[in-house]
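2 protein chains.
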Amino acid sequence: MAISSSQQDSRPLVRQEIAAIAGYIPGEQPQDAGWTKLNTNENPYSPSVNVSKAIATACEGRSLAKYPDPFANQFRTQAADVLGVRPDMILCGNGSDDLLTILVRCYVGAGDAMRVPTPSYILYQTLADIQGVLCDKVAFTDKWLLPESFTSPNTLTGEPVRLVVIPNPNSPSGTLLPPEQLLELAEQLPCPLVVDEAYGDFSESNCLDLVEQSDRIIVTRSMSKSYALAGIRFGFAVAQPAVIEQLAKVKDSYNCDAIAIAAATAAIADQDWLMKNQSSIRATRARLVTQLRQFGFSVVDSQANFVWCTHPEFSHKEIYESLRERSILIRFMAYSGWGDGLRITVGTDAEIDVLLGAIESIMQEKKQ
Amino acid sequence: MAISSSQQDSRPLVRQEIAAIAGYIPGEQPQDAGWTKLNTNENPYSPSVNVSKAIATACEGRSLAKYPDPFANQFRTQAADVLGVRPDMILCGNGSDDLLTILVRCYVGAGDAMRVPTPSYILYQTLADIQGVLCDKVAFTDKWLLPESFTSPNTLTGEPVRLVVIPNPNSPSGTLLPPEQLLELAEQLPCPLVVDEAYGDFSESNCLDLVEQSDRIIVTRSMSKSYALAGIRFGFAVAQPAVIEQLAKVKDSYNCDAIAIAAATAAIADQDWLMKNQSSIRATRARLVTQLRQFGFSVVDSQANFVWCTHPEFSHKEIYESLRERSILIRFMAYSGWGDGLRITVGTDAEIDVLLGAIESIMQEKKQ
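Residue numbers (this note's numbering), protein chains in the order written: chain G, 1 to 368; chain R, 1 to 368.
Hints are computed from structural coordinates only; laboratory data are not their basis. For each residue, glycine too, the CB sits at the ideal point set by N, CA and C. Treat the hints with care, since some could be wrong.
[Claimed, not checked] Derived list of chain R stretches under chain G, where covered just means 3 residues or more per stretch with a C-beta under 8 Å from a C-beta of chain G: (1) 16-25; (2) 49-63; (3) 99-107; (4) 200-209; (5) 226-235; (6) 256-267.
[Claimed, not checked] Listed below are the simulated EDC-like cross-link pairs for lysine to aspartate or glutamate, each with C-alpha atoms no more than 16 Å apart in a straight line: (7) Lys53(R) / Asp270(G); (8) Lys53(G) / Glu60(R); (9) Lys276(R) / Asp301(R).
[To be verified] A short list of chain G residues far from chain R (calculated; beta carbon distances all over 12 Å): (10) Arg15; (11) Val85; (12) Asp88; (13) Arg105; (14) Phe140; (15) Gln213; (16) Tyr254; (17) Asp301; (18) Thr310; (19) Gly337; (20) Asp340; (21) Ala358.
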């Protein structure tokens, strides 16, 4: 271990890979009131009333002074019951981003690559950059399907693919690949397939059942969207126990706090709340899609709590900016070499009315 | 990016470095009642009453459905005011372990080394193992000081040291190196010096003031111990703004949850609570040390909320086990090639009475 006396040089002290990146920029999170916030796919409703009760209980006496259960077994037991898996098939994390970080660190080392479809969740590239590995992005077809080349060997470069991540439903499109196809893909791959089901509770089908069938499939879930708990940071991975055991080595010892564990457990136990919420979101989504199409937008059929749309005549960036001036936040997304569009979170009916009214008025202004 | 069809070989799919490690084993966290828990340096008192009020407010309405502020600016502003630094010198994390993870990932890449003193916090080795880098452990002198060799060049191996971490006060010893010495060390080093002040609120001096003087010094702090908030997972780093900017690239977008931010902000604002708590802990610590010495233990003077002791006649492991049978948890720590001993958290006076009574009776039994 060579340690030399300090030289005041200009070389940044951080790793070159870190110095080179800009860092992931999350969607805007204004902390002041007065915004119609349809930009980061939060649930527009309050979580189950059981959540605040569970939080109050978790704060009693000296509870907060103690470390939480490192494995959040209270949640694992409850979630296993609800999802029909075993507790040892679940690993909890500080949001599903924590689990994605753990997965990249666990499987992809220097000189390796990970593969993801694009356009999809832009965090995947950031995680690869931080890890100093290649993020091989393969474009979806224009119908948001995986192209042949997603699985085909490519011998031009040598980095072996050690992890494949597919968001399903995908963001920004809201489209879903059928579980059968993902199982088939997993069987062809030399590495694990992570199915990122951050939006899985809003879709018609999911890949949870495949985990029993294949030790190559790892499903990640988030409590942020479907359980209206973005503020508490809780997600989990479902995989075979031997896989969970490896992932657990990479997590922080106490990655989930006591309050988040209590809140998430109460939330997942209240499946009535989930079903009512799903049906509200789906109904509002249908109305939003219909109206946007009437405005001339091309809207992809969505299985998530957001919709992706483009317009043949108007600049997406200008629509985004005009809405922002009206204190309405949606997401303008531009993907290098691919194009851009607008991703709109399904809010409450009232929020969507505000949005649609504003879009109509912006379109009229621009036409004049 | 070479992707080849699946071969059912026995090679583990995780990175070799991950397959090889056992993973960090945190101190035992029994979830049932009835234990006198003096093993993981938790604060024995309830946090400031302002904490539960702040948590209740943070749960109101739709708050939990929204993502938290990615940079926890509410906390940064409050902490900056209390600590006499600027808000942009603070980075918040999901416990100070999160910050240690960020630091290792930010500074130490494949082929690099980090240097730490030993015996100290065993997580440092785990973080190096996960990152796949060398953890160069240099033994403290028998007076718990840094030996000459801590800074001397060692050209036998070539891995350059990219990060030095020194816990101060140190665990398990509870000893403190003077800030002047650490500033001098930082000036000699070719890399940042992380001063891990997880126990800094219990000691007579700390290194916060050095951060303005040196861009090589990064101080990490935890709210777990001194603010009695181990359950909420909140820590922070203090460094010059250019350093914070680099570290921020590696953190998860929303690494601190809304409730933890609210709780930590309320806690650090209540400095009266902190001062009263510090004085209780110090008084109980003095009593514990005196009594252990009367029992024949050799006890290191501690600047933390725990004490490190050894006994010339009795097996440390047997004392630990006998206490455990009586539902009293302390920490038995064995360091390869160094020796072992007992680390005892300073609990309430009542808890310490229970412990001392049990030790006395165990010693009598063993003498017979």
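Worksheet item: Are 3 or more residues of the stretch 256-267 of chain R near chain G, judged by a Cβ distance of less than 8 Å?
Response: holds (count 6)
Item to complete: Say whether it holds or is violated: Arg105(G) keeps its Cβ farther than 12 Å from all Cβ of chain R.
Response: At about 6 Å from chain R, Arg105(G) fails to clear the 12 Å cut-off, so the statement is violated.
Worksheet entry | Asp88(G) remote from chain R - nearest C-beta pair above 12 Å | Label holds. Min Cβ-Cβ 15 Å, cutoff 12 Å.
Worksheet item: Is the Cα-Cα distance between Lys53(G) and Glu60(R) 16 Å or less?
Response: Holds, because 12 Å separates the two Cα atoms, which is no more than 16 Å.
Worksheet item: Straight-line Cα separation of Lys276(R) and Asp301(R) no greater than 16 Å?
Response: violated (21 Å)
Practice prompt. Compute the least Cβ-Cβ separation between Val85(G) and chain R, then decide whether it is above 12 Å.
Written response: holds (20 Å)
Worksheet item: Is the nearest CB of chain R more than 12 Å from the CB of Gly337(G)?
Response: The assertion about Gly337(G) holds, with a minimum of 17 Å to chain R.
Practice prompt. Check, residue by residue, whether the stretch 226-235 of chain R contains three or more positions whose beta-carbon lies closer than 8 Å to a beta-carbon of chain G, and give the verdict.
Written response: holds (count 6)
Discussion item. For the stretch 200-209 of chain R, count the residues whose Cβ lies under 8 Å from any Cβ of chain G; is that count three or more?
Written reply: violated (count 0)
Worksheet entry | Distal placement of Asp340(G) relative to chain R, Cβ over 12 Å | holds (22 Å)
Discussion item. If I take the minimum Cβ distance from Thr310(G) to any residue of chain R, is it greater than 12 Å?
Written reply: holds (26 Å)
Worksheet item: Is the Cβ of Arg15(G) farther than 12 Å from every Cβ of chain R?
Response: violated (4 Å)
Hints 4, 7, 9, 10, 13, 16 from the list above are not met by this structure, while the remaining hints are.
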